[in-house]
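K.L.:
Here the protein sequences line up with chains G and B, keeping their order. Here the first sequence stands for residues 1 to 393, numbered as in our numbering. Here the second sequence stands for residues 1 to 402, numbered as in our numbering.
Simulated from the structure, these hints should not be mistaken for lab results. Incorrect hints may have been included.
Stated by the list, open to error - Cross-link-like lysine-lysine pairs, in silico, DSS-like; alpha carbons within 27 Å at most:
1) G/LYS242 with B/LYS107
2) G/LYS85 with B/LYS107
3) B/LYS271 with G/LYS85
4) B/LYS165 with B/LYS104
5) G/LYS386 with B/LYS104
6) G/LYS386 with B/LYS107
7) G/LYS87 with B/LYS294
8) G/LYS113 with B/LYS271
To be verified - Here are some of the chain B residues that sit facing chain G, going by a computed Cβ distance under 7 Å:
9) ALA85
10) PRO87
11) ILE131
12) PRO379
13) ILE381
14) ASP383
Claimed, not checked - Output of the computed footprint for chain B on chain G, the stretches with three or more beta carbons under 8 Å from beta carbons of chain B:
15) 178-184
16) 226-239
17) 306-320
18) 334-348
For glycine and all other residues, C-beta sits at the position ideal for the given N, C-alpha and C.
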Amino acid sequence: MTLARRSSGFLKPLSTACSSSFLHRRPYSTDDTTTITVETSVPFTGHNCEPPSRSVDTNPKELMTFFTDMALMRRMEIAADSLYKSKLIRGFCHLYDGQEAVSIGMEAAITKKDCIITAYRDHCLFLGRGGTLLESFAELMGRTAGCSNGKGGSMHFYKKEACFYGGHGIVGAQVPLGCGLAFAQKYRKEGHVTFTMYGDGAANQGQLFEALNMAALWDLPAILVCENNHYGMGTAEWRAAKSPAYYKRGDYVPGLKVDGMDAFAVKQACKFAKEHVLKNGPIILEMDTYRYHGHSMSDPGSTYRTRDEISGVRQERDPIERIRKLILAHDLATEKELKDIEKQARKEVDEAIVKAKESPMPDEPELFTNVYRKGFGVESFGADRKELRTTLP
Amino acid sequence: MAIGVASFNLLQPVIGNYFCLIDENMWGIIRQNVGVTGGLSSQGLGNHMMRLRPVASAMRNYSSATKEMTVRDALNSALDEEMAADPNVFVMGEEVGEYQGAYKITKGLLDKYGPERVVDTPITEAGFAGIGVGAAYHGLRPVIEFMTFNFSMQAIDHVINSAAKSNYMSAGQINVPIVFRGPNGPAAGVGAQHSQCYGAWYGSVPGLKVLVPYSSEDARGLLKAAIRDPDPVVFLENELLYGESFPVSAESLDSSFCLPIGKAKIEREGKDITITAFSKMVGYALKAAEILEKDGINAEVINLRSIRPLDRATINASVRKTNRLVTVEEGFPQHGIGAEICASVVEDSFGYLDAPVERIAGADVPTPYAANLERMAFPQIEDIVRAAKRACYRSVPMSATA
């Protein structure tokens, strides 16, 4: 009953899905690694470099993993929206839904010994690095089970053992930091690379160009990934940048423009970039992506862009839908199976939230832990220094 | 000096607006007089204003119904009026124009004054702060908005080296009539990188003026004074105060209204203990004072309004009256504003102190996100009450160390 499909644009006709008898339909495979070749949505555009090919090798296992992982990320962010509105998450909360393909594609091309550093839109990148839903939700709600024990919050997720260096609140600061990670990798002759991520808003920061200049001078294995979602908070890219062609802004540093909503394009670009920087020094990857939510939960996201634009992107370019169509076109799973995966993701997210709510808030002495790695017995004080004073561990 | 005294006497029947006709030189002379003679009311001219106001109201037959205004509207109206009065005043910062302001302080200004005077910038603080200072060198009067003062650290070289020191280095040729404004200090749950108070850092730099409004009247009067001032002013607001409403007097609604820079305000008179505070902590200090009143402790609350110049005269005069002092701030305790106030009082009024000076400040840790830890990281009303009682030797035994 299998139909030959080559184009990714077709959905399986309903009749076929219904008529597939369960004798012929095998359940979707979770470990099939036969090669499938897919084409990226658009070709890559290179700046001072030969762009890689549009044809990307993958396999059913990877395709299914992409779908499952992105569905989980999407669910997590939507759940975070509700938690914020119920005031269980406080302060700032910047959501990544729409941009999942960047994290997923990148992880498919690299190892956990390659470093990633990003700004405050970090929940999904944390998940991609191996973080758990529980750690994520507990951190968002300020509980001890959180990845930063509840002391960091939404903008400060870390996972050092997976070389995920956060989670930074000051726009642009993570770029020199990422070049520093690359500096250390080269210093130690590790043979690994760093992906330092920033947005179109941060792309104009001076410190980025300072760090990039040094990375180029010293041939650091730094890959600067501009997640261009076209709006720096409420300001459209053309209002903030004289040249919004961010992949070209490195001038002497080569660049690649990538469809960030296509996980395979991202994967291909990251694979290409990793090989490139280990030989030639830094490269810039511009991921053309989109965020469905506003800049943060305090921003409706509709005063500076139209609802038509948002729904248009959701319809034409949604990263999860692209994978769904590919899976169906290659007959790797049925629509029902994919829906079941999404239901499972919802279930996992709900369970993690329940568990996270059970996690307690940090104990009061935690106020004073981790100020230093080594305290030397130095004193510290609470708001009333005569009421609360302690020696730092 | 004689000029100053004569002028001071002329101020007795003055009506509120008169103050703005006086230039900075006269303020200096008058202030010196108040401190030196001691015979004049030691509460400072700011409070003469308070007592004169009812006279003025009676003379002008103002309506006695007080209007209320949020701090946000106070700042917005102050900006609006100063931009209308002087075409050299312009606003620059992130999201100040089309977005109407990240905290809506600049709402409506783009529509009214156009994109040349309400300038949206990219997210590049070092760049646009420098551009603002350069514009001020050449005669414009920029109002630079930092979305929060945490981001001012990216531009702090320009605030200090390019703005604060220029008039001195150029022997008076290049003054810098710029205002850097924005929310300062903690908000609610915004974490370590978004919660720092910069009052102490900026307050230590000669050449800068540092203002810290509390109420809507403070916000209006001090912002207008800051914009009119020929020197660089760091104007530290507070995000949580933006939505709070305060009663505003009729004079303060007049477009020529402004408050003197460098004068604190006695928010609540008292005789047993002085509590100094600024910005949001003034509200906490006032609530602490109400609690203390029930215990028979009559607290005087000083709203600093200005960190630099610091109104040492008002603070010392108050401590000489009450003999006890609690300083309150949200910033880190070491080298903080309370430390400077304590040193000033020890230097000028040591003999009047009946108890050690108490300091209430933020905890000596980066700001945690978790709600219970964050509460411990910043002063609460009970901390102020406890410290005040200690200074009055009425405290319960101190709890053991943590």
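K.L.:
Compare the structure with each hint and give your call.
P.N.:
So, going through the hints one by one against the coordinates:
Simply put, G/LYS242 and B/LYS107 have alpha-carbon atoms about 26 Å apart, close enough for the 27 Å limit, and the pair holds. Pair hint G/LYS85 plus B/LYS107 holds up; C-alpha atoms about 25 Å apart against a cutoff of 27 Å. This hinted pair does not check out: B/LYS271 and G/LYS85 have alpha carbons roughly 46 Å apart, beyond 27 Å. Between the alpha carbons of B/LYS165 and B/LYS104 the distance comes to roughly 32 Å, so the proposed pair goes past 27 Å and is violated.
Restraint check: the Cα-Cα separation between G/LYS386 and B/LYS104 comes to about 40 Å, which exceeds 27 Å; the hinted pair is violated. For the hint pairing G/LYS386 with B/LYS107, the CA-to-CA distance comes to about 44 Å; that exceeds 27 Å, so the pair is violated. For the given pair, G/LYS87 sits about 35 Å from B/LYS294 by alpha-carbon distance, which is inconsistent with the 27 Å threshold. For the hint pairing G/LYS113 with B/LYS271, the CA-to-CA distance comes to about 66 Å; that exceeds 27 Å, so the pair is violated.
Against a cut-off of 7 Å between C-beta atoms, the interface hint on B/ALA85 is violated, since the closest Cβ of chain G lies about 29 Å away. The beta carbon of B/PRO87 comes no nearer than 24 Å to any beta carbon in chain G, farther than 7 Å, and the hint placing it at the interface is violated. The restraint placing B/ILE131 at the interface with chain G is violated, with a minimum CB-CB distance near 12 Å, outside the 7 Å limit. Hint on B/PRO379 holds. Least Cβ distance to chain G is approximately 4 Å, under the 7 Å limit.
The criterion of a C-beta within 7 Å of any C-beta in chain G is not met by B/ILE381, whose closest approach is roughly 11 Å, and the hint is violated. The restraint placing B/ASP383 at the interface with chain G holds, with a minimum CB-CB distance near 4 Å, inside the 7 Å limit. For a cut-off of 8 Å, the count of residues in the stretch 178-184 of chain G with a CB near a CB of chain B stands at 0, and the three-residue condition is violated. Coverage of the stretch 226-239 of chain G by chain B holds [criterion: at least 3 residues with CB-CB distance below 8 Å; count 5].
Only residues whose C-beta sits within less than 8 Å of a C-beta in chain B count toward coverage, and the stretch 306-320 of chain G has 0 of them, not enough to reach three; the restraint is violated. Check on the stretch 334-348 of chain G: 0 of its residues sit with their Cβ under 8 Å from a Cβ of chain B, so the three-residue criterion for coverage is violated.
Taken one by one, the earlier hints fail for this structure at numbers 3, 4, 5, 6, 7, 8, 9, 10, 11, 13, 15, 17 and 18, listed in ascending order.
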